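**Q** Starting from the structure of chain W, add chain B where the hints point.
Protein chains in written order, with our numbering: chain W, 1 to 180; chain B, 1 to 276.
Simulated from the structure, these hints should not be mistaken for lab results.
Careful: at least some of the hints might be erroneous.
[What the hints assert, rightly or not] Using 20 Å as the maximum straight-line C-alpha spacing, the simulated EDC-like pairs for lysine to aspartate or glutamate come out as follows:
hint, chain 1, residue 1, chain 2, residue 2
1, B, 247, W, 129
2, B, 104, B, 197
3, B, 247, W, 103
4, W, 54, B, 101
5, W, 54, B, 253
6, B, 214, B, 234
[Stated by the list, open to error] A partial selection of chain W residues facing chain B, derived with a Cβ cut-off under 7 Å:
hint, residue
7, 39
8, 41
9, 52
No experiment lies behind these values; they were computed from the predicted model shown.
Beta carbons are placed, not taken as given, at the ideal position from N, Cα and C, and that holds for glycine.
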Amino acid sequence: MAIVIKIGAKANQKKVRLDLNARQALNGDIMVFDHGDIDVVLSPSGNKITTFPKDTMNDLVYGAQNRLMAHMVKKGIIVPESIQAGSFYGAMEGTLHQPIKEDVSAPKLALINLSMFINEERPYFENTEAIISMDDDTLIHPDKEDSTELGEVPQSTSQGSIRRGFVRDPYALNYMYTME
Amino acid sequence: MKIRHNKKRNTAFVYEALIREGTSAILQKDEKRKQIIVDIIKEHFKNGSILKSDLECYRSLYKSQDINKSTGTRIVREASLQKRLINPKELFAHQSHLIGDINKKLEASVFDNFVPNYKTLATISQLFAMATPPKDRVILEQIIVDNMSLANPTDETEDVDALVIKSFVKKFNAKYDSELLDEQKQLLTHYIVSFMDNAVELKNFLNEEISRLKKRLKDTQAIEYVSQDKEMIEKTSQVLTELDSYKTQNINERILLVVLKTQALVQEVSQNGDSN
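Bound-form chain B, shown alone:
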């Protein structure tokens, strides 16, 4: 059975990735980006369009849940039939247009968005592919029908193999390797593995790191260009007060964000101090 498939040619995947990008733009209050995404969706997935018909074929297989196996089998057959009625050349041309629009108006990283049901979408794509041998097609049909008949579909995110982890780590490192400080990477590492040991290692790291940051911030208050600037002294004191308050607060995301920012601040202040 095929292991890799071109996700850009998977209409449902591209649609889900666009929806996620749109959600992200809405949460970040990026009106311009949101409008571009909405325009792309309205243009390519309008009623009667070939991409909409293709998307409906996918949706009828991954959206239907808690149905009996015989109905599931009939839905799979009907969806496969509908899919065959779509002109592949025309579909390819429309998909190329959509991919081009995303690349030009947004960026190619939209396709890197994490879609939780990506495995199901890949299976459906293989089922629809003309080149899939009959035996594989029957097996895939069985998998899809089984998924459709589950009352509570299992969370696919739990079943992540080493290859996926490797790919995540590679992408994370490519993006943040040069942007994060060593101490920030350490903090994130401790945070990620904190589920294993009641977060004791993370707490211990934070205990040491907050002490270090407080000491460095107090030292910066003695630097000449800081001590002469009333506003900088006041702001530094505010950060120190904030860090002091963590004696009485349990771990939460806000604390981690403030510590990450303070680490960057301390680094910046010390670098500027050295250069002066």
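Just chain W, same shape as in the assembly:
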């Protein structure tokens, strides 16, 4: 096996690899779509993070926005007092801290911390998605108890919910219900 030896100031520099479903806009904004409830826009030019509901605004969305902002504040990425609602539907935004050191990039650190947050939350929103998917499955592929066998249905004296001989008008079944 070949051995690679690096020499120089950047020899010990660590590389960070992030696995995100993201897209970069023409103005340089990075849009991250991984989270189940919110879309996140990291704007290096505006020096801020903005979150939008994926679909409609509800308590789950607000909870996710709140947790993300709290995570970013805790990690020292966002200015706490800058967190506010945006001007458009369900948006919430926060301004990034200005780093003192010149070689530190606030947007890069924000992206790393955003990835960590999404990885932390992933089990929760994936679980929710799985439950929704299971719910769909019960409708599309019902189990034996809730379904009728395919093919020719065998004949029998009583079948289905309608019983023969019963007069079906508003008061006809009163007697039967009284007996029960």
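**A** Positioned in the frame of chain W, the structure of chain B alone reads:
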């Protein structure tokens, strides 16, 4: 096979374009324009007229759907025969009269109306053309019969090539390049491409743009000629309230229209303010 054809000499295309223009006039409640279009259609496409006969030849090929191939082939042959019975010189003269009426009474842009089945109409036109070689004629016949036998004809608007897009963009730019502000063009661009990314880029743009517009409108309230005018202050406040309400509304066409109008308003106010 021919790629270009003169759409003004395609009777069915001109008829469809007129119908679309008429629909547009009705929706815009332009009674005068609607009446002109109806008069043109009644005059040129009345029963027994040569243009009506020509139109029927086209219609029998693009209106018939969900029929078997042998019937389709017979219809194509019969339509081609009927078309040959029409005197080309007389048809040309009537078409010229119709084109002249549209150009004079309406305007030439009627021919730019988007007709969804324009490809089918062009194919039928080529089939009817005397100059089409026999081999091409058979291939075209096959295409038309195939289209006629489809139970659910495919939506032709999906199959748009680069040339069509280029032509659309050219026409759009020619019409709106000088009329739209830069920020309005940006908003429209974000709206058009919003299907790609769950409209996140559009939402982000609107978030920034609405904040900017609100700030500019608040600034205008401090301008002397605005602050002294009670009505202008009130109207500006109404626009601000409207923009504030977008915090709780998801994207819809009305929001986009209001933002587009507000962008123009802010530009106008700031220009007037500067000149004063």
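**Q** None of the hints should be skipped; say for each whether it holds.
**A** Each hint tested on the structure:
1. Between residue 247(B) and residue 129(W) the CA atoms are separated by roughly 27 Å; this puts the pair beyond 20 Å, and the hint is violated.
2. Restraint check for residue 104(B) and residue 197(B): the C-alpha separation of about 46 Å exceeds 20 Å, so the hint is violated.
3. Straight-line distance between C-alpha atoms of residue 247(B) and residue 103(W) comes to about 37 Å, which puts the hinted pair past the 20 Å bound.
4. Taking the CA atoms of residue 54(W) and residue 101(B), the gap is near 53 Å; set against the 20 Å cutoff, the hint is violated.
5. The hinted pair formed by residue 54(W) and residue 253(B) meets the criterion: a straight-line CA distance of about 19 Å does not exceed 20 Å.
6. For the hint linking residue 214(B) to residue 234(B), the alpha-carbon distance of about 15 Å falls within 20 Å, and the restraint holds.
7. The beta carbon of residue 39(W) is positioned within 7 Å of a beta carbon in chain B (closest approach about 5 Å), and the interface hint is therefore held.
8. Because the beta carbon of residue 41(W) sits about 5 Å from the nearest beta carbon in chain B, less than 7 Å, this interface hint is met.
9. For the restraint placing residue 52(W) at the interface with chain B, the shortest Cβ-Cβ distance is roughly 5 Å, inside the 7 Å limit, so the hint holds.
Hint compliance for this structure: hints 1, 2, 3, 4 are broken, all remaining hints hold.
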